[in-house]
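There are 2 protein chains.
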Amino acid sequence: MLDAHWFTEIVPGAESAFSLKIKNKLHAEQSEFQYLEIYETEGFGNLMVIDGCTMVSTRDNFFYHEMMSHTALFTHPAPKKVWIIGGGDCGTLREVLKHDSVEQAIQIDIDERVTRLAEIYFPELCESNNDPRAELKFIDGIKWVKDAAPNSVDIIIVDSTDPVGPAEGLFSEQFYRDCYNCLTPNGMVIQQSESALFHLPLIGEMRDAMSHAGLSHLQTLFFPQCLYPSGWWSATIASKAELAEFRKVDAAAKTFATVYYNADIHQAALAQPEFFKQAMAKRA
Amino acid sequence: MLDAHWFTEIVPGAESAFSLKIKNKLHAEQSEFQYLEIYETEGFGNLMVIDGCTMVSTRDNFFYHEMMSHTALFTHPAPKKVWIIGGGDCGTLREVLKHDSVEQAIQIDIDERVTRLAEIYFPELCESNNDPRAELKFIDGIKWVKDAAPNSVDIIIVDSTDPVGPAEGLFSEQFYRDCYNCLTPNGMVIQQSESALFHLPLIGEMRDAMSHAGLSHLQTLFFPQCLYPSGWWSATIASKAELAEFRKVDAAAKTFATVYYNADIHQAALAQPEFFKQAMAKRA
Numbered sequence: 003m004l005d006a007h008w009f010t011e012i013v014p015g016a017e018s019a020f021s022l023k024i025k026n027k028l029h030a031e032q033s034e035f036q037y038l039e040i041y042e043t044e045g046f047g048n049l050m051v052i053d054g055c056t057m058v059s060t061r062d063n064f065f066y067h068e069m070m071s072h073t074a075l076f077t078h079p080a081p082k083k084v085w086i087i088g089g090g091d092c093g094t095l096r097e098v099l100k101h102d103s104v105e106q107a108i109q110i111d112i113d114e115r116v117t118r119l120a121e122i123y124f125p126e127l128c129e130s131n132n133d134p135r136a137e138l139k140f141i142d143g144i145k146w147v148k149d150a151a152p153n154s155v156d157i158i159i160v161d162s163t164d165p166v167g168p169a170e171g172l173f174s175e176q177f178y179r180d181c182y183n184c185l186t187p188n189g190m191v192i193q194q195s196e197s198a199l200f201h202l203p204l205i206g207e208m209r210d211a212m213s214h215a216g217l218s219h220l221q222t223l224f225f226p227q228c229l230y231p232s233g234w235w236s237a238t239i240a241s242k243a244e245l246a247e248f249r250k251v252d253a254a255a256k257t258f259a260t261v262y263y264n265a266d267i268h269q270a271a272l273a274q275p276e277f278f279k280q281a282m283a284k285r286a
Numbered sequence: 003m004l005d006a007h008w009f010t011e012i013v014p015g016a017e018s019a020f021s022l023k024i025k026n027k028l029h030a031e032q033s034e035f036q037y038l039e040i041y042e043t044e045g046f047g048n049l050m051v052i053d054g055c056t057m058v059s060t061r062d063n064f065f066y067h068e069m070m071s072h073t074a075l076f077t078h079p080a081p082k083k084v085w086i087i088g089g090g091d092c093g094t095l096r097e098v099l100k101h102d103s104v105e106q107a108i109q110i111d112i113d114e115r116v117t118r119l120a121e122i123y124f125p126e127l128c129e130s131n132n133d134p135r136a137e138l139k140f141i142d143g144i145k146w147v148k149d150a151a152p153n154s155v156d157i158i159i160v161d162s163t164d165p166v167g168p169a170e171g172l173f174s175e176q177f178y179r180d181c182y183n184c185l186t187p188n189g190m191v192i193q194q195s196e197s198a199l200f201h202l203p204l205i206g207e208m209r210d211a212m213s214h215a216g217l218s219h220l221q222t223l224f225f226p227q228c229l230y231p232s233g234w235w236s237a238t239i240a241s242k243a244e245l246a247e248f249r250k251v252d253a254a255a256k257t258f259a260t261v262y263y264n265a266d267i268h269q270a271a272l273a274q275p276e277f278f279k280q281a282m283a284k285r286a
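Residue numbers (my numbering), protein chains in the order written: chain A, 3 to 286; chain B, 3 to 286.
Treat each hint with caution, since some may be false.
[Said to hold, decoys possible] Chain B residues, not near chain A, derived (Cβ > 10 Å throughout):
#1 Met3
#2 Tyr37
#3 Glu105
#4 Ala136
#5 Ser218
#6 Ala255
#7 Asp266
#8 Gln269
#9 Ala273
[As the list claims (entries may be wrong)] 30 Å max Cα-Cα, derived DSSO-like pairs, lysine-lysine:
#10 A:Lys27 with B:Lys256
#11 A:Lys139 with A:Lys279
#12 A:Lys250 with B:Lys250
#13 B:Lys145 with A:Lys279
#14 B:Lys83 with A:Lys250
#15 A:Lys279 with B:Lys250
#16 A:Lys100 with A:Lys82
#17 B:Lys83 with B:Lys284
#18 A:Lys145 with A:Lys83
In short, the hints are calculated from the structure, not lab data.
The beta carbon of each residue, even a glycine, is placed where N, CA and C say it ideally should be.
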């Protein structure tokens, strides 16, 4: 049995749990929006927990941040303007700014405290925050997208918490309609879409909502993410325009370093497990 | 904190843990070789635990069993004779026998009790045990391979526990030499090779040992496996002959059902993460 030196997150439904051994509790606070904790772990570096859910660790965040950014940016033909809704730890922003084509990247997280804590406890994720192309806003991302002018953005990355609490509205058809309205003609959303092992119906509902909102060209990508329920995560790209193959030549010749992502891994992430293919076909 | 109603496996080094909520403890015994436990879980069906390590659950075993079998069987040009070293739960045997080309599949697990418990608690994994092509032996797999005649087998699947205790010898250069000696000219080993996130040096050492033993054509494949440390597992194919592309046409036209595996997933599993590629290149 685990003693009090472990942080544990239980996954309801699956009735599984993932735990990390804690060296020190570094910080805890109730922000205006959520309960934030920072731990120093024995094996995963620092750990940020939001409302009891593990969000990001030093050791394994590269999977998620790379797969939420480079997949979309190498799929869009020429991404210049990128918004990140959520993403307060700034890790996705850092990856986005590795692309020279990007002229402007705006991170819109409702909770400034997440970023302030990331600056202290995950400084490596924040190393591009002062890039002249970066802008950090601490406002409601749902309202930001709703109020945006048409044709404002090429890629919207929805890097949110689970679809309960503050992030719930980010999984709604209305939100995707608002995205549709402010995206450029080749524009696309990429959104974290939970675990295909644990949350298959949710992925189906999300894809349906995206599709009904006009973002009807879909790709769900799969990748490991130790820290998240089942250790196997997904992201879904929803595009206004038909999705051509991703820019393989550019991805293979990328001029920046990654830990997990490369052109082969991008292609691999697109492979649909047999049960996933069958479940999605049944909905169609 | 998790109470006594949870079964937990701690991963040393990573200092992470995975837990499943238990409905009932169905069985426990000390066999001649190891301590075996069977639980009924809340979310994963039945669970077999060997020496404190989660081995197989009803809910998610399909990833591992399919990826340990179909990848090798669709890589070999015409597999007729297959041995499974370990694999006492019979799930790999079931998958192997889905291939019509297979004339003989011998499962060699040192511990008969694992199979007897699988017959009771995982009957679906044992449904091909009476196939006339199947043979179950309860003897030492290391000795079996050592004593085998040259040219006896096309594929050896090493479906073992971790490289400590009874399975340690299955990760040694001497074992791979013995495999080399009894494999046919196109023969190959496929062996579970732990987590690239947690056990990267071990994968490197294993690949080196395989290579030194003459099984010098290597492929490491990656796939999700919720139940195992980090939720992300690997298998390594080590072949006597140069590895051509796998039989994609046959895999795409497979006549049997799978839950995870298909031709795209096979291709995807071959993609090497950037950090893995770099770490293996450094050893070369």
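Numbers of the earlier hints that this structure fails to satisfy, in rising order: The structure breaks hints 1, 7, 8, 9, 10, 11, 13, 14, 17; every other hint is satisfied.
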